[in-house]
Amino acid sequence: MPYETAYTNQGFNLVGSRVNRPDGIDKVTGRAKYGADVNAAGQLVAKVLRSPHAHALIKKIDTSKAAKLPGVKAIVTGDDFPDHTGGNRSMMDILENCMARGRALYDGHAVAAVAAIDGETADKALKLIKVTYKKLPHVTDVDAAMAEGAPIIHDWVRTAGVQPAPTTASNVAQRSEFGHGDVEAGFAQADIVVEKTFKTEQTHQGYIEPHACLAQLGPDGSGELWVTTQGHFTFRNVCSTLLGLDVAKLKVTSSEIGGGFGGKTHVWTEPVALQLSRKANRPVKLVMTRDEVFRASGPTSSTSIDVKIGAKKNGRITAATAELRYQSGAFPGMWAMFGAMTSFACYDLKNVKSVGYDVLVNRPKVAAYRAPSAPMAAFGVESVMDMLAAELGMDAVEFRIKNAAKKGTKASYGPIYGPIGIGPTLQAVKDHPHMKRRLGKNQGRGMACGFWFNFGGQTCTDLNIGVDGSVNLTVGTVDVGGSRASLALIAAEELGIDYDQVRVTIGDTNSLGHNDTTEGSRGTFSSGMATIFAARNAIEVLKQRAAATWDIPVDQVVWEAGEARAKGKQNSNLPPLTLKEIAAKSPRTGGPIAGHNEVVADGAGVSFASHLVDVEVDPETGSTRVLRYTVIQDAGKAIHPDYVEGQFQGGAAQGIGWALNEEYIYGDDGCLQNPGFLDYRIPVCSDLPFIDTQILEIPNPNHPYGVRGVGETSIVPPLAAIGNAVSNAVGVRMNHVPMSPPRILKAIEDAAG
Amino acid sequence: MNGVTVSTTVNGDAVQFVCPPSESLLDVLRNRLNLTGVKEGCGTGDCGACSITLDGRLVCACLVLGAEAEGREVGTVEGMSENGELHPLQVQFIENAALQCGICTPGFLVAAKALLERNPNPTEEEIRYGLAGNLCRCTGYDKIVRAVQAAAKIMRKGRKS
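Protein chains in written order, with the working numbering: chain A, 164 to 916; chain B, 201 to 361.
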């Protein structure tokens, strides 16, 4: 049954409370099963051989010696993956990324894989595989890849989005442009124009759990895959397409997921594990090492960005432009487009233009990373906003308030905004006690704003009421950070029962209809919406059962506070029937009671945040310490405030790491020099202060409870907020993240001349 | 396989296993003893997901050989609950929402327990440096530090009574 999705401003009994999560005990006792935590009888262990070169022709792969090693049961190379993609280029890109086809495109690109009786044997077998490479010229820097004469990554790529269509190959896969108005006329009206170029280095999502799966594929084309993923339904579709299987015959179960942040929305080794299993006809377990995770999965784009903003003396922006160059690794992506779309989304601009260039380089295929592409664009734009405010002699917060987008603003990427939170978050920054904290020597304060679209998508949910009145809720989105608690709260709220009476399970692909990947901050938004509707469908059944029990028309029955009540004076002798009582009678009143819902959860409300940070920079070492950090974000409605705060804090911490430490470092040979947590240093506990949070609730008009996605926006402002704080502390504008100690020292020394 | 026979104690129980001399204690615990609460995040001692205690000392199981467990006492997250009761740290991690994905949680719990045994009343800074060997990518550590503070307080009260 379709339901109205509009926000109704209803009151809540349970939603908004801080209950304990249902999977808590499993996770504090070590019982919870993640990707690498299951085994099958007779399983083999798989390992992957990876290219040591940034770019090379694969002239020959000799597996004969490895195949003869006792205990080796299957070996695959690119030749073992026939093309089932039917001309779908993006599917072929995924396949080629999983296993090289004649050419290694980056350091770490898979060239062969082995399944053997144990890991030791598989490792020995990898050493016996002889690959003959012919090294090719490589390029890893985004600007160098766009320059004349750069080595071309794919000779079939023509720049999309330019007229007339190019006839020669380029590393620019796509140009995308957004905006409105006349920027030239706008700049002509400006009293002050600030223009600056920025660079951001490549970072990794850094989930602590490496990719892992247990694959079983039989000669009949039926299989099962246990895998750590953000989207088991999508994994099923992609693996089926790449391997020529029927979707219905591949059952994919998502394990508990040890972090994803976008990096587990893509397949990396799963098709390889399935193909090895098909060849050996035995279960195959494949777990990536941390080195492989860094070299061959995940990372976000490194970028190079020009931003120009002009304003009148009164503080109104007259025009803004950005050119954003994002590398997407060795395969085309949509990352520059997202950068161009998000760059000016916080502001109400008459004349605005942003142009994105998606650039191919010899680095791993770029994956989504939490509000993908937005943090880098915000670094450029929010830095220039601060520079411009300083030139105008205006307070940085006031300047932003004056130009903030509001309800009715035409967004720089197209749509007209409904009610949004950018203005309120800025006002909250202005009023926050953090603003009044005094700064000492070598200390600086910075702030910045951030935006993310959020996503809804296809969602399918089942709610089943047991004979004792307890409830099983089965959802198809993955629980990445406590969503089972939120969804149980929603189901209990709708049914009018206790939170503890609801048990939420993540269904496998054979238990539910298709669910889109858990991305775009959609878990609680979309599965929450489907849960509301599934519960309302179950309530219709409960009402019918009560009506039948009382022998009155169902339109005389209402559902209130967890019980069916008979309306009207003629029914005043009928005592209410609780959910428990109706459930107990269900075997005799028509059988099981259930509610189901499938929905395309449109209307994910856009999300805005403003962050405020104080830092201290050691002028001798260039080392930066975060002293105080405050996140203010619009959640629409916080279903479970603890886990909303957790998203705010976690995103901020990832942004802090990106701003100050984290970067992929490539040598002249095009090989990654720091594929490990020792040299790719993510923030540790002693690096951070408590991260203060303030949740604003500006209801999303397109969700019954007003929910907006909350997971991603929090990583958008930190690069710029810290950039502004560091710049204020040292008196030099920082334009390159991470602002590592050597970079800060160099900036100070350069400024001193 | 030229296996080594090892007799050790794991979470208070006597255990025997055979493993190759090169096999890490982490692989032994996970693959031979089925203690998969001990997680592998890096295999190089950088992330702390495989934190265990060896004769009471906090170590990364990935940096210890299985053979080195001979005659020692190994403690893992699976041994934290006693008499069917969760350890106060386990309770406070749930109460304070100190986990999101939970993959780092076993390591944090073992490390925090070792910390509080050494120092029952740590300052915030001592907690932060005490847990600096454990990586968490989800939480920003805020709620983890608060959970450890809450558990330490409860444990100190428990000692007095």
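Treat the hints with care, since some could be wrong.
[Stated by the list, open to error] If the Cβ cut is set under 7 Å, some of the chain B residues that face chain A in the computed set are: (1) Phe-217; (2) Cys-242; (3) Glu-326.
[To be verified] A few chain B residues that face chain A, going by a derived Cβ cut-off under 8 Å, partial list only: (4) Ala-267; (5) Gly-271; (6) Val-277; (7) Glu-278; (8) Leu-286; (9) Thr-305; (10) Arg-328; (11) Leu-335; (12) Lys-343.
[Unchecked claim] Counterexamples of contact, computed for chain A against chain B with all Cβ distances above 12 Å: (13) Pro-165; (14) Thr-226; (15) Lys-231; (16) Gly-249; (17) Asp-304; (18) Arg-338; (19) Gly-369; (20) Thr-391; (21) Thr-712; (22) His-803; (23) Arg-844; (24) Ser-877.
If you're looking for bench data, these hints aren't it; they were derived computationally from the structure.
C-beta atoms are modelled at their ideal positions from N, C-alpha and C, and glycine is treated no differently.
Checklist entry - Is the nearest Cβ of chain B still more than 12 Å from the Cβ of A/Asp-304? => result Since the minimum Cβ distance to chain B is about 27 Å, A/Asp-304 lies beyond 12 Å and the statement holds.
Next on the checklist: Holds or violated: the hint that B/Ala-267 contacts chain A, with Cβ atoms closer than 8 Å.
Outcome noted: 15 Å, violated
Checklist entry - Minimum Cβ distance from B/Thr-305 to chain A below 8 Å? => result Status holds, d = 5 Å.
Next on the checklist: Holds or violated: the hint that B/Leu-286 contacts chain A, with Cβ atoms closer than 8 Å.
Outcome noted: 7 Å, holds
Item to check | Restraint check, 8 Å cut-off on beta carbons, for B/Val-277 near chain A | outcome: With a minimum Cβ separation of about 4 Å from chain A (threshold 8 Å), the hint on B/Val-277 holds.
Item to check | Non-interface claim for A/Lys-231, where every Cβ of chain B lies beyond 12 Å | outcome: Answer for A/Lys-231: holds, closest chain B Cβ roughly 19 Å.
Item to check | Assertion that A/Gly-249 lies farther than 12 Å from chain B (Cβ) | outcome: Fine: 36 Å to the nearest Cβ keeps A/Gly-249 off the interface.
Item to check | B/Arg-328 as an interface hint toward chain A, with CB separation required under 8 Å | outcome: This interface hint holds because 4 Å falls under the 8 Å limit.
Item to check | A/Ser-877 non-interfacial with respect to chain B [C-beta, more than 12 Å] | outcome: 9 Å, violated
Item to check | Assertion that A/Gly-369 lies farther than 12 Å from chain B (Cβ) | outcome: 5 Å, violated
Next on the checklist: Using the nearest Cβ pair, does B/Gly-271 come within less than 8 Å of chain A?
Outcome noted: At about 24 Å, which exceeds the 8 Å cut-off, the nearest Cβ of chain A leaves the hint on B/Gly-271 violated.
Checklist entry - Against chain B, does A/Arg-338 keep a CB gap of more than 12 Å to every residue? => result The claim holds: A/Arg-338 sits with its nearest Cβ about 34 Å from chain B, beyond 12 Å.
Hint check: violations occur at hints 1, 3, 4, 5, 19, 20, 22, 23 and 24; the rest are consistent with the structure.
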